[in-house]
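Protein chains in written order, with this note's numbering: chain A, 29 to 391; chain B, 2 to 366.
Check before you lean on any hint, since a few could be wrong.
Unchecked claim - No farther apart than 25 Å at their CA atoms in a straight line, the calculated lysine-lysine pairs in the BS3-like style are these:
hint, chain 1, residue 1, chain 2, residue 2
1, A, Lys217, A, Lys241
2, B, Lys281, A, Lys192
3, A, Lys161, A, Lys192
4, A, Lys217, A, Lys161
5, B, Lys281, A, Lys161
Everything labelled a hint here was simulated from the structure, so no lab data went into it. Because the structure is a prediction, the values reported are computed rather than measured.
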Amino acid sequence: MTSVLASAQGGTRADDVVLDVRDLRTYFHVMDGTVRAVDGVDFQIRRSGRLALVGESGCGKSVTALTIMRLIDQPPGEIASGEVWFDGRDLLTLPADQMRAVRGGEIAMIFQEPMTSLNPVLTVGDQIGEAVKLHQHLRDREAFEAAVQALRDVGVPAPERRVKQYPHELSGGMRQRVMIAMALSCRPKLLIADEPTTALDVTIQRQILELIKEIQERTGTALLLITHDLGVVAETVDEVVVMYAGRIVETGTVEEVLLEPRHPYTRGLLSSIPSRGKRGQRLSVIKGVVPNPFRMPPGCKFEPRCPYAWETSVQGEPTCAQNEPELLSLGDGRASRCWLHDPRFTGRLRDYERPTAGAEEAR
Amino acid sequence: MIRYIVRRLLEAIPVVILTSVLIYGILLIAPGGPTARFAQNPRITGEQIAAFKHRWGLDQPIPIQYCRWAGICNPDGEGLGIFISNKGLPNILPEALGGGDNGMLHGDFGFSIVDGRPVTSVISERVVPTLILAGTAWLLWVVIAFLTGVYAAVRRYGLFDSALTVFNYVGFSLPTFWLGIMLIAVFASQLRIFPASGMWDTRTVPAFGTDRYWTLLGEDPGYVLTDLLRHLVLPVITLIVVSIAGDSRFVRSSMLDALNQDYVRTARAKGVPEWRVVTKHALRNALLPVVTNLGLEIPFLFTGAIATETIFSWPGMGRAFIQATNNYDYPVLMGILVITAIIVISANLLADILYAVVDPRISYG
Chain A
29 MTSVLASAQG GTRADDVVLD VRDLRTYFHV MDGTVRAVDG VDFQIRRSGR
79 LALVGESGCG KSVTALTIMR LIDQPPGEIA SGEVWFDGRD LLTLPADQMR
129 AVRGGEIAMI FQEPMTSLNP VLTVGDQIGE AVKLHQHLRD REAFEAAVQA
179 LRDVGVPAPE RRVKQYPHEL SGGMRQRVMI AMALSCRPKL LIADEPTTAL
229 DVTIQRQILE LIKEIQERTG TALLLITHDL GVVAETVDEV VVMYAGRIVE
279 TGTVEEVLLE PRHPYTRGLL SSIPSRGKRG QRLSVIKGVV PNPFRMPPGC
329 KFEPRCPYAW ETSVQGEPTC AQNEPELLSL GDGRASRCWL HDPRFTGRLR
379 DYERPTAGAE EAR
Chain B
2 MIRYIVRRLL EAIPVVILTS VLIYGILLIA PGGPTARFAQ NPRITGEQIA
52 AFKHRWGLDQ PIPIQYCRWA GICNPDGEGL GIFISNKGLP NILPEALGGG
102 DNGMLHGDFG FSIVDGRPVT SVISERVVPT LILAGTAWLL WVVIAFLTGV
152 YAAVRRYGLF DSALTVFNYV GFSLPTFWLG IMLIAVFASQ LRIFPASGMW
202 DTRTVPAFGT DRYWTLLGED PGYVLTDLLR HLVLPVITLI VVSIAGDSRF
252 VRSSMLDALN QDYVRTARAK GVPEWRVVTK HALRNALLPV VTNLGLEIPF
302 LFTGAIATET IFSWPGMGRA FIQATNNYDY PVLMGILVIT AIIVISANLL
352 ADILYAVVDP RISYG
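Given these sequences and hints, build the entire structure.
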């Protein structure tokens with residue numbers, strides 16, 4: 029944890045960073061106990077940078093985003109520790125009214141379900157205009173104009189007509205464009221997109237991704253993309269943070285993580301992507317399921333599913349099942365939370381990185 | 002929109018007709034009948050009963066009885082002539098166009114068997130007291146159920162929410178008649194804060210609806226209205242406790258549902274202040290099912306009024322209904338049932354139209 033933070037800060041100047049999340053922990057206290065949905069997450073996004081949080085459902089990536097926005101219901105949620113530095117302020121200690129000015133004004137968010145994320149009884153223009161009125165203190169007429177312009181910016185045809193329509197009169201792709209228009213209407217410094225294309229048709233997915241990228245490049249807003257889709261990651265971002273069971277398991281640039289995954293979990297994720305070359309074969313899967321949040325394994329959280337986990341033979345040596353590894357820095361901003369990258373296990377690492385052996389075992 | 006309303010109005014017509022047939026049919030099947038009150042009277046002979054039946058048209062075939070009551074048939078006609086009015090035109094037409102002057106279609110609900118007065122005047126003098134009682138109750142009921150429900154949802158699991166939950170469970174299980182009697186026992190008999198029955202103080206105020214009543218209302222409105230309000234308190238409470246208990250629960254869950262929707266999260270993510278998230282984004286959506294429900298519950302005011310008006314001797318339609326039933330006064334009974342049915346159907350219609358107004362997803366097609 030500390031190692032990746034140190035290396036990241038060494039690599040980039042502090043004022044070059046728009047969002048700096050440090051040791052973030054979000055717990056949910058429910059009837060059966062406490063779920064540690066996010067358990068010690070650190071990452072940074074540079075100004076105009078693009079970072080993806082990747083992981084399976086329930087790994088804590090959405091909760092991380094909602095915690096940054098302070099949209100966690102408390103109770104049952106609790107932001108147990110951490111700092112979220114945004115533009116020189118820790119969002120977690122900001123008074124409520126200042127936090128409201130940040131939400132929508134400086135950090136905007138797009139959600140997964142465009143069908144349910146828009147209010148069914150308000151017109152599209154009302155909903156976009158509301159954000160503009162709140163943050164830029166415009167009058168009704170000006171807000172209306174701004175809404176039309178925002179729709180035009182995201183490529184909605186006939187914006188003057190669309191602005192007066194209700195969400196149910198628009199298609200799914202159109203609604204997601206409306207969400208993006210709403211998010212970008214106040215020129216935020218950071219855009220959080222939580223699975224923005226998951227609920228859309230494949231062709232529309234592509235259009236929406238291109239739109240997000242195009243706008244990101246044009247306006248220079250930073251992008252925090254949350255997704256489980258590695259295809260989306262490859263096309264959209266520069267840096268990747270892989271999460272598993274509320275923790276970061278691997279970080280690096282998009283090329284590094286996708287082409288040379290270091291953590292067994294990332295490796296498993298990548299090998300489970302269907303591709304033309306694998307036609308006719310059984311899809312490779314990561315065996316087992318995400319651990320029960322009430323009965324987390326004591327050691328590495330991925331150990332029960334990990335094909336590379338080993339029992340120790342040497343007294344005093346850490347074991348995958350009993351000891352949880354740190355997020356170990358691998359230099360150049362890369363890090364992996366796996367005992368394989370501990371200097372004591374270089375022999376095992378050599379076996380792991382031999383391409384054929386690893387692939388066979390994984391299968 | 003206008004077309005939608007007109008269409009719904011036209012659709013309501015067959016419903017009203019069907020309801021009137023039903024009312025007629027059910028009263029026909031029910032034991033008793035207009036002559037039942039003579040059965041125990043030894044001084045009334047069979048001939049006299051037959052004469053009574055003939056005078057009231059009860060010796061006619063049932064469809065003709067219904068048609069006369071409805072105003073399709075002319076009671077003076079013979080054979081096929083029953084469909085022709087005395088002016089020689091179809092009897093069903095409005096009177097001004099040469100139709101008949103009998104039956105509900107022409108505003109004639111017949112005469113009370115008991116005192117011979119027209120049913121319309123019996124009902125009309127009872128409608129206003131019922132509307133005063135039911136209207137006040139409905140207004141309070143909606144406002145209280147709404148405010149408490151929304152507040153409980155926003156402060157979920159708070160002290161108020163828990164207290165309301167207890168009230169709701171208790172209130173919902175109270176029988177109306179029992180609650181009314183208990184209120185009289187405590188607040189009228191023991192504490193003597195509110196009057197136990199009636200609509201006005203008989204010692205100081207003339208009967209409601211008379212000229213002297215209106216004169217006094219003009220001279221001393223403060224006194225007359227205070228007197229009316231004092232008489233309203235207990236029956237209104239009796240009428241609405243059960244309804245509030247049910248509906249504030251309903252509003253609460255509808256509001257909770259809305260507050261958990263994705264678009265509420267979107268609104269918060271936009272930086273909308275919390276009170277506006279509640280009043281603008283959640284409330285309008287929470288209103289949709291509530292509006293329908295409030296319309297559908299209007300009938301309850303009238304059925305509830307039957308018990309409440311009887312307990313509190315409120316001179317309204319509910320009490321008139323009970324009196325008519327006890328006296329075998331069939332014309333009044335049927336008149337009240339038809340008027341109530343029309344009010345209920347109109348209330349449903351209103352709820353439908355309101356629903357279309359508040360929800361843009363409803364098409365008027």
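Hint-by-hint comparison with the structure:
The suggested pairing of lysine 217 of chain A with lysine 241 of chain A holds, with an alpha-carbon distance near 15 Å, which does not exceed 25 Å. Distance check on the hinted pair: lysine 281 of chain B and lysine 192 of chain A sit about 18 Å apart at the alpha-carbon level, within 25 Å; holds. For a cut-off of 25 Å, the pair hint linking lysine 161 of chain A to lysine 192 of chain A stands: about 17 Å separates their Cα positions. Restraint check: the Cα-Cα separation between lysine 217 of chain A and lysine 161 of chain A comes to about 18 Å, which is no more than 25 Å; the hinted pair holds.
Between the alpha carbons of lysine 281 of chain B and lysine 161 of chain A the distance comes to roughly 15 Å, so the proposed pair stays at or under 25 Å and holds.
Violated hints are absent here; each numbered hint is respected by the structure.
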